[in-house]
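Student: Build out the structure end to end from the sequences listed, making use of the hints.
Listed in order, the protein sequences are those of chains B and R.
Going by my numbering, 736 is the number at position 68 of the first sequence; the sequence numbering is gapless.
Going by my numbering, 938 is the number at position 270 of the second sequence; the sequence numbering is gapless.
Derived by calculation from the structure, the hints in this document are not laboratory data.
Mixed in with the good hints, there may be bad ones.
Copies of the same chain look alike in the list, so a pair counts if it fits in one copy or across any two.
Derived DSS-like pairs (lysine-lysine); straight-line CA-CA distance at most 25 Å [unchecked claim]: (1) Lys934 with Lys860; (2) Lys674 with Lys860; (3) Lys790 with Lys905; (4) Lys971 with Lys905; (5) Lys905 with Lys854; (6) Lys854 with Lys971; (7) Lys860 with Lys905; (8) Lys790 with Lys860; (9) Lys934 with Lys971; (10) Lys674 with Lys905; (11) Lys744 with Lys860; (12) Lys790 with Lys934; (13) Lys971 with Lys744; (14) Lys674 with Lys934; (15) Lys744 with Lys854; (16) Lys744 with Lys934; (17) Lys854 with Lys790; (18) Lys854 with Lys934; (19) Lys971 with Lys790; (20) Lys744 with Lys790; (21) Lys905 with Lys744; (22) Lys971 with Lys860.
Protein chains: 2
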Amino acid sequence: MPELRKDPIHGRWVIIATERSRRPSDFTPEGIKPVGGFCPLCEGNEDRTPPEVLAFRDNGISPNSPGWSLRVVPNKFPALRIEGDLDREGEGIYDRMNGIGAHEVVIETPFHHETLATLPLKAVENVLWAYRARIVDLRRDERLRYVMVFKNYGSAAGASLEHSHSQIIALPIVPTRVREEIEGSKNYFLYKDRCVYCDIIRQEIRQRSRVIAENSAFVSIAPFASRFPFETWILPKTHQPSYEQMEASRYGPAAEILSDTLRRLKQVLDDPPYNYILHTSSLPEQDRDCYHWHIEIMPKLTKVAGFEWGTGFYINPTPPEEAAEYMREAR
Amino acid sequence: MPELRKDPIHGRWVIIATERSRRPSDFTPEGIKPVGGFCPLCEGNEDRTPPEVLAFRDNGISPNSPGWSLRVVPNKFPALRIEGDLDREGEGIYDRMNGIGAHEVVIETPFHHETLATLPLKAVENVLWAYRARIVDLRRDERLRYVMVFKNYGSAAGASLEHSHSQIIALPIVPTRVREEIEGSKNYFLYKDRCVYCDIIRQEIRQRSRVIAENSAFVSIAPFASRFPFETWILPKTHQPSYEQMEASRYGPAAEILSDTLRRLKQVLDDPPYNYILHTSSLPEQDRDCYHWHIEIMPKLTKVAGFEWGTGFYINPTPPEEAAEYMREAR
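Tutor: This is the structure:
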């Protein structure tokens, strides 16, 4: 059973993932390499994953068999497990709880060599619908406090499988970084009576120098204080705290701008590894004015080293205005 | 001139390092490789670094010439610059200041193939004395608020030069992560009237399961909520907020436990890449009861991916009790 442990100084939690336990000789210098040859996420290998929790397939085709366009399955080596009660206990000055939660894999396409940058828009839209369905379902579980959707693309970004997929982790606590972001937004709202993200969007659309692309409902920007070269945020242009509130009519424009951004990144940076994270609110109704859901995409081009770990400061060698210019000119 | 930019949501700062500016084609897939062949840090190449700000050498030998055992020089491609006034300005909702600060390189040995794990204890002790001298000197500059000492070892840990070195960055603001750690320690102190690190040391020495080694003045442990496999902390056993307060008699034991820890890591994990960071206080006198300087060593064995970026949660596949056991048995 995985175990959650809390650091007594910072309050940050760590998952001690016993299901993935590794001895010293298991660490290769460059981390885990993608499995060559056999792929458990490809069509036809449905029996090599745990049974699906969601799938988009034609009517009449039975679950866990070929004929799907998208599947969501539990992670075979989950960092957290859904079964059991949430036990919290102390050990002297330390705190721990058992690793209750969910860890799922969104298999975005049956085809091994497609990616979100090459799939048709309709397939990207399906991925966005799958995120919504899983968030809504997992939020029903009262033991869970936060659902995080993210994607690791490429080995250097932490992907251990090549086949295009995203991950969903549902946690029994609201994680530190999410709390900090919500707190920061709240503080800004208390001071200004405006959403900080709405203010960012207004200023960026006026200044244009960091805007990459824009459609009816979304804008993509290189943020003013980009931590990483070519960091890109995708924001809905009108205020909306939670992803799962998005109106059905906006999934099209959302898929369009996500696909557009990933295509531009691929062209400008020669198919770089990247992580993206869906930032969405876990706030109760009364606090919903201050937060604004969005997607943060972080190409993995530089190494995070001692300075970044120690300070939380980042050194970024590419000014976001220059990155935005390269990105605008792509395609 | 480098520029500091503040994120309006999180309050985190980013250094836009124009001196190191990179275009899309400058990013190789695995980042910067160590320079093969010529090494600017080797003895005899003193004219290929900026002039030294500190050196340990025999009397009578002139600066910036061979015959040294350790040199500290300004970084040739500094993330921050020492010259100029600290200007702060707004741009709409954003904040920026110019990149005033210092960025230095501690060249730990004249010999290209030595490391902190192979150098004699006396040389490791010299490195620790050099840290002290530079911290004390840089803290005299009233524009600077924090001095961070860290080391990137190995290309995967972000080192761009092979020759054994550490780095020192002095910043015009106290960085977020440092503030959080100090805040966390303060909160614990307010609640318990005890230093949280002193409590950790007491509990670890009593339990033993996470202790790696111990000498007259220091203890090394695998922390309870280790973020990374084989993460190791070195702590002074008696309370002391700032590194630069360390008594002269403790440099020997400090060098001994640092060297011992790095030798064990090297043996257990086959010379892994790692980062270490000196955590020391920037607190005024009245708050000094709550903080306790220490060194955190983080071997770079797993990749930090979307989940860690998004949550500040870490997934660690090696329980610290197991890591400590491997480390205790080494040598």
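Student: Now look at each hint and say whether the structure bears it out.
Tutor: Tested hints:
| no. | hint | verdict |
| --- | --- | --- |
| 1 | Lys934 with Lys860 | neither (38 Å within a copy, 53 Å between copies) |
| 2 | Lys674 with Lys860 | between (34 Å within a copy, 18 Å between copies) |
| 3 | Lys790 with Lys905 | within (22 Å within a copy, 61 Å between copies) |
| 4 | Lys971 with Lys905 | neither (32 Å within a copy, 33 Å between copies) |
| 5 | Lys905 with Lys854 | within (19 Å within a copy, 40 Å between copies) |
| 6 | Lys854 with Lys971 | neither (32 Å within a copy, 32 Å between copies) |
| 7 | Lys860 with Lys905 | within (19 Å within a copy, 47 Å between copies) |
| 8 | Lys790 with Lys860 | neither (39 Å within a copy, 57 Å between copies) |
| 9 | Lys934 with Lys971 | both (19 Å within a copy, 21 Å between copies) |
| 10 | Lys674 with Lys905 | between (37 Å within a copy, 22 Å between copies) |
| 11 | Lys744 with Lys860 | neither (46 Å within a copy, 43 Å between copies) |
| 12 | Lys790 with Lys934 | within (20 Å within a copy, 51 Å between copies) |
| 13 | Lys971 with Lys744 | between (29 Å within a copy, 19 Å between copies) |
| 14 | Lys674 with Lys934 | neither (38 Å within a copy, 28 Å between copies) |
| 15 | Lys744 with Lys854 | neither (38 Å within a copy, 41 Å between copies) |
| 16 | Lys744 with Lys934 | neither (29 Å within a copy, 32 Å between copies) |
| 17 | Lys854 with Lys790 | neither (36 Å within a copy, 52 Å between copies) |
| 18 | Lys854 with Lys934 | neither (35 Å within a copy, 46 Å between copies) |
| 19 | Lys971 with Lys790 | neither (35 Å within a copy, 32 Å between copies) |
| 20 | Lys744 with Lys790 | neither (28 Å within a copy, 50 Å between copies) |
| 21 | Lys905 with Lys744 | neither (37 Å within a copy, 43 Å between copies) |
| 22 | Lys971 with Lys860 | neither (36 Å within a copy, 39 Å between copies) |
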